[in-house]
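Engineer: Single-letter residue listing:
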Amino acid sequence: MGVRLILAAILSVAAAAPAWSEPLAVTEIAPGIFVHQGVIAEPAPDNRGDTANIGFIVGGSGVAVIDTGGTPDLGRRLRETIASRTDKPPVVVINTHMHPDHVFGNAAFDGVPVVGHANLRDALAARIEVYQRRLADELGAEAAAGIAPVRVDRPVGEEVRIDLGDRVIVLTAHPTAHTNNDLTVFDRQTGTLFAGDLLFLDHLPAVDGSAVGWLRVIDALGRIPAVRAVPGHGPPAVDWPGALDPERRYLNTLVEGVRRVLKAGGSIQEAVAHVAKDEQDRWLLFDEYNPRNVTATFAELEWE
Amino acid sequence: MTGHPMRKLSLGGFLMMLSMPALAAGDAAEDAARWDLLRDMYFKDRPVEEAGNRMRIDAPARAHDAALVPVRVEVDPSLRLKSLSLLVDKNPVPLAATFRYGPASAGSTIETRLRVNEYTNLHAVGETQDGRLLMTQAFVKAAGGCSAPALKDPQEAMARLGRIKVKLPETAGAGSAADAQLLISHPNASGLQFDQVSRTYIPAHYIQSITIRIGGQTVLEADTDISISEDPNLRFSFIPVEGGSLEVTAQDTKGATFTRTVPLAAGGG
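From first to last, the protein sequence lines stand for chains A and B. Going by my numbering, the first residue of the first sequence is number 1, and it counts up by one from there. Going by my numbering, the first residue of the second sequence is number 1, and it counts up by one from there.
It is possible that part of the hints are untrue.
Here are the simulated DSS-like pairs of lysine-lysine, each with C-alpha atoms no more than 30 Å apart in a straight line [said to hold, decoys possible]: (1) A:263 x A:277; (2) A:277 x B:167; (3) B:82 x B:167; (4) B:254 x B:167; (5) B:167 x B:152; (6) B:152 x A:277; (7) A:263 x B:167; (8) A:277 x B:44; (9) A:263 x B:44; (10) B:254 x B:82; (11) B:141 x B:44; (12) B:141 x B:152; (13) B:152 x B:254; (14) B:165 x B:254; (15) B:165 x B:152; (16) A:263 x B:152; (17) B:165 x B:82; (18) B:44 x B:82.
Stretch-level coverage of chain B by chain A, calculated; a stretch enters the list once three of its residues show a Cβ under 8 Å from a Cβ in chain A [to be verified]: (19) 65-75; (20) 157-169; (21) 189-200.
Examples of chain B residues lying across from chain A (beta carbon under 10 Å, computed) [as the list claims (entries may be wrong)]: (22) 177; (23) 181; (24) 230.
These are calculated hints, taken from the structure and not from any lab test. Since we're looking at a predicted model, the values are computed, not measured. Idealized CB from N, CA, C, for every residue including glycine.
I would like the entire structure built from these sequences, with the hints used as guidance.
Structural biologist: So, in structure tokens, the structure goes:
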């Protein structure tokens, strides 16, 4: 380990980049469930693209990896962390949705089957080149190199159960909400729900699917008998279902605000200037995401 | 309508635009050179005057979604244009749309939504009744709009394809100007969106013409291209006719025709 760190340090000096190969810090939020908390920020050199919560569930015979991080390097570090916590091998990579901060670490899990929503493959295929280019802009070409091509070995249409060895996890595909390919993972043994980006805390929710659809999915999610959840962005573990309240309030404010502007015959620009402004101090990244959410929701609700 | 100031962009011109080297954003000299080239290409030797305060482009300085940039061309009510062309200088097909105004138009101000591929100037060129060309411009910071996979829910979008919605004011008194909004549900595929699974570009498939009439009189005719966002959207003004209906016809590049007729009294649809 010491030798490796020194070697990494030498290499990183040579490459004028920070040492990237230390394992990721994780918290064991319930027996056999580990979560790495991403920072709440846009991907940038100072956070190395480490902006999403990712984790793994250890069963009797294998490990389920739930999201892999925003770069191949984060995926490799996650894999090292798994090896340091258990001798069980990763047997499945589950992607909760298409966004790059959750899937670009898949490159480190070559040979491990990838499971995702039935829409994941097409949705990611349509976007991966744009995502890759954006990551290169944000972190540099080196960090964005080696991203794996789209691969979904087992698409989930509704619900799939996976036995990790005396530990069954339930994967549920949801209708269009945060994206059109949101998938949650429920560990029955501990009552833990990996909600992916269907659950945001602290980080303003980002609408890349349907705000109205998301509110409907929130109602359905609230009926899942979990005791805790892992949000895609926010603390590593939160109480369930109370943790849904802030995002439900924001999305309701967004939808109602846009509907009011539409009813008054207002424009997108007017909606962007006014809708959900009273939510501004309650979230991080509000200015980065609220204008986009309003724009997307305006275009969605025009067809109501 | 006659007096269309545009020539359709030749294939040679199109390829030349595509192969022009990408230079650093914000380079004013390069932006000016680009506009000189476009002006020659689209308007030949005709002089193009600065519109001054008679025309103005209202667009966000920094776009929130490059595939859906709301743009309004404000035209002074005293200035009744024959046509208006909207260009996104650095897009692969710069000419987004040309609008030709008919006798039932109530003013030349137009609002639509554009795809913007990189930081660029927008130009609006109006042709006056006596054939002069007036120009105004604005700079927009946005990138990736032409190749962006904007369809958030492709299944729903395809199920809705061709649906036309017209929003009218609740009271549209005959004879006095009224504003209307037209939405056409269409992916308006740019041909520049790449699908990694099939390893192909999604074929271009977009609305190429829109005609709006009231009581048999033309309000607006538009030639539209791939710089117009998915679900093409227009705001315009017209002169209501007692007991009249607004008639919309749109055609896409696969030859499909979409129509909708909305009686004014209905006030929406």
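Engineer: Now tell me if each hint is right for this structure.
Structural biologist: Evaluated hints:
With a C-alpha separation of about 19 Å, the suggested pairing of residue 263 (chain A) with residue 277 (chain A) holds against the 30 Å cut-off. Pair hint residue 277 (chain A) plus residue 167 (chain B) holds up; C-alpha atoms about 27 Å apart against a cutoff of 30 Å. Under the criterion of a C-alpha separation no larger than 30 Å, the hint pairing residue 82 (chain B) with residue 167 (chain B) is consistent with the structure, at around 24 Å. Proximity of residue 254 (chain B) to residue 167 (chain B) is assessed by CA-CA distance (about 27 Å); at most 30 Å being required, the pair is judged to hold.
For the given pair, residue 167 (chain B) sits about 24 Å from residue 152 (chain B) by alpha-carbon distance, which is consistent with the 30 Å threshold. Pair hint residue 152 (chain B) plus residue 277 (chain A) holds up; C-alpha atoms about 25 Å apart against a cutoff of 30 Å. Among the hinted pairs, residue 263 (chain A) with residue 167 (chain B) is consistent with the structure: their alpha-carbon atoms are about 10 Å apart, no more than 30 Å. Of the supplied pair hints, the one linking residue 277 (chain A) and residue 44 (chain B) is violated, its CA atoms being roughly 48 Å apart against a limit of 30 Å.
Taking the CA atoms of residue 263 (chain A) and residue 44 (chain B), the gap is about 44 Å. The hint is violated against a cut of 30 Å. For the hint linking residue 254 (chain B) to residue 82 (chain B), the alpha-carbon distance of about 29 Å falls within 30 Å, and the restraint holds. The suggested pairing of residue 141 (chain B) with residue 44 (chain B) holds, with an alpha-carbon distance near 28 Å, which does not exceed 30 Å. Between the alpha carbons of residue 141 (chain B) and residue 152 (chain B) the distance comes to roughly 22 Å, so the proposed pair stays at or under 30 Å and holds.
With a CA separation close to 23 Å, the supplied pair residue 152 (chain B) and residue 254 (chain B) stays within the 30 Å bound. A threshold of 30 Å between alpha carbons decides the hint, and for residue 165 (chain B) with residue 254 (chain B) the separation of about 21 Å falls inside it, so the pair holds. The hinted pair formed by residue 165 (chain B) and residue 152 (chain B) meets the criterion: a straight-line CA distance of about 20 Å does not exceed 30 Å. Pair hint residue 263 (chain A) plus residue 152 (chain B) holds up; C-alpha atoms about 24 Å apart against a cutoff of 30 Å.
Restraint check: the Cα-Cα separation between residue 165 (chain B) and residue 82 (chain B) comes to about 26 Å, which is no more than 30 Å; the hinted pair holds. Distance hint between residue 44 (chain B) and residue 82 (chain B) is fulfilled; the C-alpha atoms sit about 18 Å from each other, no more than 30 Å. With 4 residues having a Cβ less than 8 Å from any Cβ of chain A, the stretch 65-75 of chain B passes the three-residue criterion, so the hint holds. Counting residues of the stretch 157-169 of chain B whose CB lies closer than 8 Å to any CB of chain A gives 5, so the stated coverage by that chain holds, three being the minimum.
Here the stretch 189-200 of chain B counts 6 residues with a CB under 8 Å from a CB of chain A, which clears the bar of 3, and the coverage holds. Interface hint at residue 177 (chain B): violated, since its Cβ lies 15 Å from the closest Cβ of chain A, which is beyond the 10 Å cut-off. With its C-beta approaching chain A no nearer than about 8 Å, residue 181 (chain B) sits inside the 10 Å limit, and its interface hint holds. Annotation: residue 230 (chain B) was flagged as interfacial toward chain A, and the flag holds, the nearest CB pair being 9 Å apart, inside 10 Å.
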